[in-house]
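Peer 1: Residues per chain are reported as follows:
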Amino acid sequence: MQDAVRIEGVSKTFVTRSGQVHALADVSLTVGEGEFVSLIGPSGCGKSTLMRLVADLEQPTAGTVEVFGKTARKARVDQDYGIAFQQAGLLPWRTVAANIALPLEIHGVGRRERRSRVAELAEMVGLSDFADHHPDQLSGGMQQRVAIARALAERPRLLLMDEPFGALDEMTRERMQSELARITAETGAAVVFVTHSIPEAVFLSDRVVVMSPRPGRITSVITTGIGRDTARDEALRESPAFFEKVTEVRAALHGAPVRSPALEGR
Amino acid sequence: MTTALADPTSPVPETAPVARSGHRRTWVARLRAAVLGLLGLVGVAGLWEGYKAVGPEEGVLVGENRVLPRTTDLAMPHVWDMVQRLFEPVTSLGDAEPLWRVVLDASVVSLGIATVGWLVGTSVGLLLAVLMQRVRIAEWGLLPWIVLSQTVPLIAFAPVVRSWGSRIEIAGWEWPSWLSVAVIASYLAFFPVAVGALKGLQSPDRIHTELLRTYAASATDTLRKVRIPAAVPYLLPALRLGAASAVIGTVVAEVSTGYLDGVGRLLVSYAGQASGDPAKAWAPIFGAIGLGLVAAGFVALLGALMRNYRRGEAV
Amino acid sequence: MSPTTERAARVAAPVLVGVLGLAVWQLLVSVLGVSEYLLPSPSEIWAELGENSQAIREAAWITGGNALAGLVFGAVLGVVLAALAGWARWFDGMLAPVVASVAVVPIVALAPVLNSMYGADSEYGRRAIAALAAFVPVFVNTLRGLRQTTPLHRDLMSTYAASGWQTFRALTLPSAAPYVLTGIRVATSLAVISALVAEYFGGPRGGLGSFISTSAATSAYARAWAYVAAAILLGLGAYLVTVLLERLVQHRLPTGNPR
Numbered sequence: 001m002q003d004a005v006r007i008e009g010v011s012k013t014f015v016t017r018s019g020q021v022h023a024l025a026d027v028s029l030t031v032g033e034g035e036f037v038s039l040i041g042p043s044g045c046g047k048s049t050l051m052r053l054v055a056d057l058e059q060p061t062a063g064t065v066e067v068f069g070k071t072a073r074k075a076r077v078d079q080d081y082g083i084a085f086q087q088a089g090l091l092p093w094r095t096v097a098a099n100i101a102l103p104l105e106i107h108g109v110g111r112r113e114r115r116s117r118v119a120e121l122a123e124m125v126g127l128s129d130f131a132d133h134h135p136d137q138l139s140g141g142m143q144q145r146v147a148i149a150r151a152l153a154e155r156p157r158l159l160l161m162d163e164p165f166g167a168l169d170e171m172t173r174e175r176m177q178s179e180l181a182r183i184t185a186e187t188g189a190a191v192v193f194v195t196h197s198i199p200e201a202v203f204l205s206d207r208v209v210v211m212s213p214r215p216g217r218i219t220s221v222i223t224t225g226i227g228r229d230t231a232r233d234e235a236l237r238e239s240p241a242f243f244e245k246v247t248e249v250r251a252a253l254h255g256a257p258v259r260s261p262a263l264e265g266r
Numbered sequence: 001m002t003t004a005l006a007d008p009t010s011p012v013p014e015t016a017p018v019a020r021s022g023h024r025r026t027w028v029a030r031l032r033a034a035v036l037g038l039l040g041l042v043g044v045a046g047l048w049e050g051y052k053a054v055g056p057e058e059g060v061l062v063g064e065n066r067v068l069p070r071t072t073d074l075a076m077p078h079v080w081d082m083v084q085r086l087f088e089p090v091t092s093l094g095d096a097e098p099l100w101r102v103v104l105d106a107s108v109v110s111l112g113i114a115t116v117g118w119l120v121g122t123s124v125g126l127l128l129a130v131l132m133q134r135v136r137i138a139e140w141g142l143l144p145w146i147v148l149s150q151t152v153p154l155i156a157f158a159p160v161v162r163s164w165g166s167r168i169e170i171a172g173w174e175w176p177s178w179l180s181v182a183v184i185a186s187y188l189a190f191f192p193v194a195v196g197a198l199k200g201l202q203s204p205d206r207i208h209t210e211l212l213r214t215y216a217a218s219a220t221d222t223l224r225k226v227r228i229p230a231a232v233p234y235l236l237p238a239l240r241l242g243a244a245s246a247v248i249g250t251v252v253a254e255v256s257t258g259y260l261d262g263v264g265r266l267l268v269s270y271a272g273q274a275s276g277d278p279a280k281a282w283a284p285i286f287g288a289i290g291l292g293l294v295a296a297g298f299v300a301l302l303g304a305l306m307r308n309y310r311r312g313e314a315v
Numbered sequence: 001m002s003p004t005t006e007r008a009a010r011v012a013a014p015v016l017v018g019v020l021g022l023a024v025w026q027l028l029v030s031v032l033g034v035s036e037y038l039l040p041s042p043s044e045i046w047a048e049l050g051e052n053s054q055a056i057r058e059a060a061w062i063t064g065g066n067a068l069a070g071l072v073f074g075a076v077l078g079v080v081l082a083a084l085a086g087w088a089r090w091f092d093g094m095l096a097p098v099v100a101s102v103a104v105v106p107i108v109a110l111a112p113v114l115n116s117m118y119g120a121d122s123e124y125g126r127r128a129i130a131a132l133a134a135f136v137p138v139f140v141n142t143l144r145g146l147r148q149t150t151p152l153h154r155d156l157m158s159t160y161a162a163s164g165w166q167t168f169r170a171l172t173l174p175s176a177a178p179y180v181l182t183g184i185r186v187a188t189s190l191a192v193i194s195a196l197v198a199e200y201f202g203g204p205r206g207g208l209g210s211f212i213s214t215s216a217a218t219s220a221y222a223r224a225w226a227y228v229a230a231a232i233l234l235g236l237g238a239y240l241v242t243v244l245l246e247r248l249v250q251h252r253l254p255t256g257n258p259r
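Chains as they are written, first to last, in my numbering: chain A, 1 to 266; chain B, 1 to 315; chain C, 1 to 259.
Hints listed in this document are in silico derivations from the structure and should not be mistaken for laboratory results. Every value quoted in this text rests on a predicted model; they were computed, and no experiment measured them. Even glycine gets a Cβ: it sits at the ideal position worked out from N, Cα and C. Some hints could be false.
Here chain B is said to cover these stretches of chain A; the calculated rule only asks that three of the stretch's residues, wherever they fall, bring their Cβ under 8 Å from a Cβ of chain B [unchecked claim]:
1) 99–110
2) 233–245
Some residues of chain C that are not near chain B, with every Cβ distance over 10 Å (derived) [to be verified]:
3) E44
4) Q54
5) S213
Derived DEER-like restraints, expressed as beta-carbon distance ranges [unchecked claim]:
6) R147/C with L31/B: 22 to 30 Å
7) L244/C with V124/B: 28 to 36 Å
8) V19/C with L131/B: 18 to 26 Å
9) G43/B with A12/C: 49 to 57 Å
10) D121/C with W48/B: 18 to 26 Å
11) T220/B with R182/A: 36 to 44 Å
12) S18/A with A161/C: 53 to 61 Å
13) E123/A with A161/C: 53 to 61 Å
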């Protein structure tokens, strides 16, 4: 089985007016096929930068980033990943359907195939009735669902998500988490998920990668032990095992001694 | 004289509020706006007639200077005389056409020239904006000049272009005089379009351009799918400004190049007859006003057709 | 590109374009022999500027004076009417369509009748044109500025039980001032352009515009271009003065951001 993402010894330095900023220092991480990995940490820890390196939106200063065994650039050109940001980033002049179809259009998918795929995706995110609406007529949660559908349009085996639910209210957020869990289970895609919510990371992930700032690096990696076949539902949120993992991640974030030996890649 | 309502170097995007209030309310609001607007027009005519009625015949003088105009019928004809004059023949000759007809014909000619000028100026402006968006060094080199030239009276050179008409001849094809007028009109229309279009092409959120980057989309695709649609709210005010500039450029250039068939010529020649027929001089003014309104109306129509591209930015 | 080279390129590029433009122009005339009817060379225009400097200064004084008179009157009218429109919605409703029409209509078309209204030897017709042209942007921007106060800010003032005058001083004026200044900056250019162009429509001679058209009519093209250059300098000068004034006022007055 081929790894989805392989990051080795990556450093990233930004040159700004006030000098150099070490966003990432010697970071290594591997994400397996179909694995759900969350990146969590305080702001400035480089979690978004790390995801942007995988997306080839930034280039590493040192080290290598491989996506499905290719360079990040090749993977981007080959459209091996789908992406969603904190802001839905929908084009306001396009309808929901046309927004989902955007990547398909750009890659020359035929009209008929495009239409059936869009219908399928709208169904998947529960927005079939809103296909002809414009983004300004949707709630924040609905917009974010469109963005997820758009990210899935080309059946990527890797999904990159940068705090996709960060701008949503708590109730919408929990519902979206359940839906995302269902969708990733259906598609079997690997996910790199950036968040600053501990319960969100634990609820969704196979592994939670905890990072710390100045310079950005990985301090611990916690395996949640919640299997792919476990239903992500309200029962899970109430279970003691879930709380235990939340506590463990919180301890790791706050620099308390880590009990779990699941430290790798440092 | 131009529509530089806001700062012309920074066109403010018009965000179209999506009207979702009841139909009846918008209908009442529209009626109210129409009635008030009509009252405004009546108010302007009322001011004219009011000043004419109470103002001194020789105008208001401060020392030697006449700061408000004379109020005689010769200087300030009654509003109804201006309107009535439109429906009388141009000259006292037996078979002369009615005045409104002559003014209308001349205005249509001017509108045609202004349209050519506007189209050419807009096309060049758009192309240059695309170039400046793609090549940063081109933006740095050209934009300061374009912004600067918006603040200076470029139109000053209009009389000099008169000489071009008779001197340019390419392989038997003679430079027609209307083309000189159109060149000046296009020149004036070009600047606001170039600046507005560039602002618009640079307006997309980073998130949108990055999204297209993750799709490995070509620069042309990014231009077509994101930059041009996003530019529409910036482009519309620029196009309106360009249209008004083209109309002004046409009228002024007609006068200063001595072009005979347009409304500009009528403005000057009827004013010359004002001592005998003061109301006649107002007919081509109405024509010029009509030109400006038609041009603005056309751009407004364009804006209505593109209302989907003017939806407020969705988060 | 490093920040330093970028800054250098940003300055060098427009200078280079300007020099290149002048060179191509001179080349067209002196090497390719484009006739001077079409385009006199920059050096000829420069020579004419020197020879006629006295006459040009006087002409610029007249045109500039008309523009200034128009600007002052138009700006005052614009601010006063905008204040009225901001205060009474019905007045705004009456005025808005009139102003919108004035904005798209070629105001200079009024120049010939204004000349006969004021008399053939009066400069006031042109001043009226400049005033009308200057009025529009000042009115529009002032009104927009007066509407910048947010409900939140107004609520805040009510919780302080502030009087109408206090609210105006503390809230409305600071948020509107930058808009008024922007309006005046735009109006300056328009006033100069209008005062100049109005001279093409007849009336007393003596300003830059009338010299441009007489020189062109007598085929003295280099001289006509020299007056054009003077007109451009006048416009540029007026613009720079208002920009400086704007900076000065904004420095003195703690205002909100114009955006």
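Peer 1: Look at each hint and say if it fits the structure.
Peer 2: These are the hints, each one checked on the structure:
| no. | hint | in the structure |
| --- | --- | --- |
| 1 | 99–110 | holds (count 5) |
| 2 | 233–245 | violated (count 0) |
| 3 | E44 | holds, 13 Å |
| 4 | Q54 | holds, 20 Å |
| 5 | S213 | violated, 4 Å |
| 6 | R147/C with L31/B: 22 to 30 Å | holds, 23 Å |
| 7 | L244/C with V124/B: 28 to 36 Å | holds, 33 Å |
| 8 | V19/C with L131/B: 18 to 26 Å | holds, 20 Å |
| 9 | G43/B with A12/C: 49 to 57 Å | holds, 55 Å |
| 10 | D121/C with W48/B: 18 to 26 Å | holds, 24 Å |
| 11 | T220/B with R182/A: 36 to 44 Å | holds, 38 Å |
| 12 | S18/A with A161/C: 53 to 61 Å | violated, 45 Å |
| 13 | E123/A with A161/C: 53 to 61 Å | holds, 57 Å |
Hint check: violations occur at hints 2, 5 and 12; the rest are consistent with the structure.
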